[in-house]
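Q: Below, each chain spelled out in residue letters.
Number of protein chains: 2
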Amino acid sequence: MSDFVCHGDIMYSETVEKLKVCEDSYLVVQDGFVEGIYETLPEKFQGMELKDYGRGLIIPAFSDLHIHASQFVQRGVGMDKLLFDWLNDYTFPQEARFASMDYAKNVYDQVVTELLRQGTFHASLFTTIHYDASDYLFHALADKGMYAYVGKVNMDMNSPEYLCETTEESLKQTERFLAEHQGKGTVQPILTPRFAPTCSEPLMKGLGELAAKYHCGLQTHLVESLAEVKWTLELFPGYGSDAEIYERNGLLEHGPSIFAHYIFPSQADLDIVRKAGSVTVHCPDATTNITAGIMPAKALSEKEIPIAMGCDIGGGQHAAVYRQVARAVQLSKLKEFYEPEGNGRVTFAQAFHMATKAGGSVFDRVGSLEKGYRFNALVLDGLEDAGFTLSPEERAERFCYGGDDRNIIGRFIDGKEIVLPE
Amino acid sequence: MSDFVCHGDIMYSETVEKLKVCEDSYLVVQDGFVEGIYETLPEKFQGMELKDYGRGLIIPAFSDLHIHASQFVQRGVGMDKLLFDWLNDYTFPQEARFASMDYAKNVYDQVVTELLRQGTFHASLFTTIHYDASDYLFHALADKGMYAYVGKVNMDMNSPEYLCETTEESLKQTERFLAEHQGKGTVQPILTPRFAPTCSEPLMKGLGELAAKYHCGLQTHLVESLAEVKWTLELFPGYGSDAEIYERNGLLEHGPSIFAHYIFPSQADLDIVRKAGSVTVHCPDATTNITAGIMPAKALSEKEIPIAMGCDIGGGQHAAVYRQVARAVQLSKLKEFYEPEGNGRVTFAQAFHMATKAGGSVFDRVGSLEKGYRFNALVLDGLEDAGFTLSPEERAERFCYGGDDRNIIGRFIDGKEIVLPE
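From first to last, the protein sequence lines stand for chains X and W.
For what it's worth, numbering that gives the first Met the number 0 labels the leading residue of the first sequence as 0, then goes sequentially.
For what it's worth, numbering that gives the first Met the number 0 labels the leading residue of the second sequence as 0, then goes sequentially.
If you are wondering where the hints come from, they were derived from the structure by calculation, not from laboratory data.
In this text the structure is predicted, and so the values were computed from the model without any measurement.
Among these hints, one or two may not hold up.
Note that the list lumps identical chains together, so a pair holds whenever it fits in one copy or between two copies.
Once the Cα atoms are required to be at most 16 Å apart in a straight line, the calculated EDC-like pairs of lysine to aspartate or glutamate come out as [said to hold, decoys possible]:
#1 K80 / E393
#2 K415 / D380
#3 K104 / D384
#4 K104 / D134
#5 K17 / E301
#6 K204 / E252
#7 K183 / E22
#8 K297 / E338
#9 K229 / E22
#10 K302 / E48
#11 K19 / E335
#12 K302 / E34
#13 K274 / D142
#14 K415 / D30
Extracted from the complex, chain X is given alone in its bound form (with noise of 0.2 Å):
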């Protein structure tokens, strides 16, 4: 692997709520990582490859923690129809033709090369119920190098029949996934039950079973609706809360637990995420879009609960993440409008965290740019209008708020370079 140099305005997370800014500066990359960023470039690496991209924005890759990879075709659409209608007129139909490949590879190849366009190179996916179609997806991710998570869905209870898994056949499938796929490179499989209302508790059980013998973590929607909760809870009568199903089921323990939405958590629920170390995904279009709510991004960040972000596609309309980094700013302040008690407004800089280092964190040195960590990077350009300039904050935020893949000039994971496919 060749080292080099990049030579730009760099930007990255250095905490939940503190960008760091290298103006003008060197970004050295030596076997696929950052070896370090540096005003002048000192003397031992200046015989190396220099990439100078002027004043184009060197920032971290996009993580993505919640995508219906099998609803990438529906996006925005039906965008009129209420929850269940929307789910029984699209989502459902659509995800039953993931039992056909040719469909099944047809639609995760449009969804990898939209990724890689979007600049999300790290990302934790759901499927659908389908053993093949699941592994294509696992397989063409790990072909072009992505950090990512991929699940195939479980559900056994309150679906369409024709979506409907036995018990025996969900964890027989999913074992047969975990060990097919367990330990082969940047891509791992995850335990991914739809939500507790399409789980029974011997599939959660079995899953339990599952994570403790691969060794496996856990993705799914957490307390996403006020109505979720309470059928949830119906379901489970045992139980205290939606987290608590997972807790005990013995989900959290072996690997990270990625709960999207965490609208309406109880105190249960946070506890519990917190003492698994879990991560939440906040996905700003798609919980307006299905209305939801509002996440409550700053209280929960105030609560030191990890929050990561979401596209959420179908349920959110676009791939690129980081028109969720806007989002989540503008739904914040929504939020603070409409709840001011205990609630606050999300900054540029936190939002941006979610969508770089937070999500990051569920993979390996990803999310930063921060020496150590793997050059897994974007370059921007074109964000400044004829005659005017902007600093490194202001070009990334006008990226977030009104920015396309246009505006992605370089592409890198491991420090490779990143050519888009036809």
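Given the structure of chain X, go ahead and fit chain W onto it with the hints provided.
A: Coordinates of chain W only, in the frame set by chain X:
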């Protein structure tokens, strides 16, 4: 002017709530107007030039009734700031620079190009207090054949010293602007008191006299936030509502009246606006960014208050008004979530109407593709994924939720195809 026929899928708003869709149809353009739409092309038109867009989607060009042209270069930056810091740190210093014509030309040329790029061919724009810069924007829009209102801004109180006019000078320059630009074509001058708190009663009275003398309309901000409503009524103690200030000073009688935001109307504001036939302007991103609140769009629509759409650059972050179509649907869901009493969801069809036909209503026969309307239109493409087809409504919806200017493959004004400036 050459006549021609366009073939493709055609969609426009028939009423506030209803889209008209003509799949696989022929639209005949004669003398720059829509002659008709046909499933089979009548024999008498068969010799005309045919532009075949296949599955391309032909829609009306967009109408945007609230743009601060002078704030273009600050879009999408500084969004963490509270309104008054944002105004004082970004907006006002920025607006002051329009005293320089070099500066104004650079910014306004970029604005015009961006509006054409985003398919907004009908617009109502604020400039600044400066006569020469406002004159330049007026002619830049007219040169492209756009349909527009341009208003030199009035501010004679509660404004930074460097942006504050005397009442006399404000009226003098406004009269000059009206006299020089009235009746000159597709672009028209419009009275533009910034908002009531920055305009004294004598200024409002003088503007009312100019409205009568020059048969001129009005654009301003109305009942934008609870703080603004309170402040306005304190500053105008003899008035019972924000709208009454404009009514009693004779500003609603001589042309269209365009009221941006309109989030907190009192009964008097509703009565006055309905009586005057005013158009309100929904600016979803901007009123979120400045934390004003959410326009009660569904409730206003049920009260038969006309609602157009605005990108509200620079409170809004992007000139693409079609994105505000999606945002209007999204915000109506949050409005209903937080204020279920009397509020409801805005459908995609309603939001599309706001950004096309409703906004177009203040101009002459633009914003629809019904017979007799000007052929001011866009052709959209690239909205389907490989291997999938979407209905015309779904393609339009996806465009508004996640599309961009690359999806606009044809642009027409008065039947003439527009080539974007380099």
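Q: Now tell me, hint by hint, if it's right for this structure.
A: Status of each hint after checking the structure:
In this homomeric assembly, K80 and E393 come within 16 Å of each other (Cα to Cα) only across copies, at 12 Å, whereas the closest approach inside a single copy is 36 Å. Proximity of K415 and D380 under a CA criterion of 16 Å is satisfied in neither setting, with 19 Å inside one chain copy and 34 Å between copies. In this homomeric assembly, K104 and D384 come within 16 Å of each other (Cα to Cα) only across copies, at 13 Å, whereas the closest approach inside a single copy is 41 Å. In this homomeric assembly, K104 and D134 come within 16 Å of each other (Cα to Cα) only inside a single copy, at 10 Å, whereas the closest approach across copies is 57 Å.
Proximity of K17 and E301 under a CA criterion of 16 Å is satisfied intra-copy only: 14 Å inside one chain copy versus 46 Å between copies. With identical chains, the CA atoms of K204 and E252 are at most 16 Å apart within one copy only, with a shortest distance of 13 Å there and 72 Å across copies. Taking the closest pair of Cα atoms, K183 and E22 never come within 16 Å of each other, the shortest separation being 38 Å inside a single copy and 49 Å across copies. In this homomeric assembly, K297 and E338 come within 16 Å of each other (Cα to Cα) only inside a single copy, at 12 Å, whereas the closest approach across copies is 22 Å.
In this assembly of identical chains, the alpha carbons of K229 and E22 never lie at most 16 Å apart, being 50 Å within a copy and 44 Å across copies at closest. Within a single copy, K302 and E48 get their C-alpha atoms no closer than 45 Å, and across copies no closer than 66 Å, so neither meets the 16 Å cut-off. For a Cα distance limit of 16 Å, the shortest separation of K19 from E335 qualifies neither inside one copy, at 27 Å, nor across copies, at 39 Å. Neither within a single protomer nor between protomers do K302 and E34 lie at most 16 Å apart by alpha-carbon distance, with minima of 33 Å and 63 Å respectively.
Taking the shortest alpha-carbon separations for K274 and D142, neither the intra-copy value of 35 Å nor the inter-copy value of 65 Å comes in at or below 16 Å. Taking the closest pair of Cα atoms, K415 and D30 come within 16 Å of each other only inside a single copy of the chain (10 Å); across copies the shortest separation is 56 Å, beyond that limit.
When each numbered hint is compared with the structure, violations occur for hints 2, 7, 9, 10, 11, 12 and 13.
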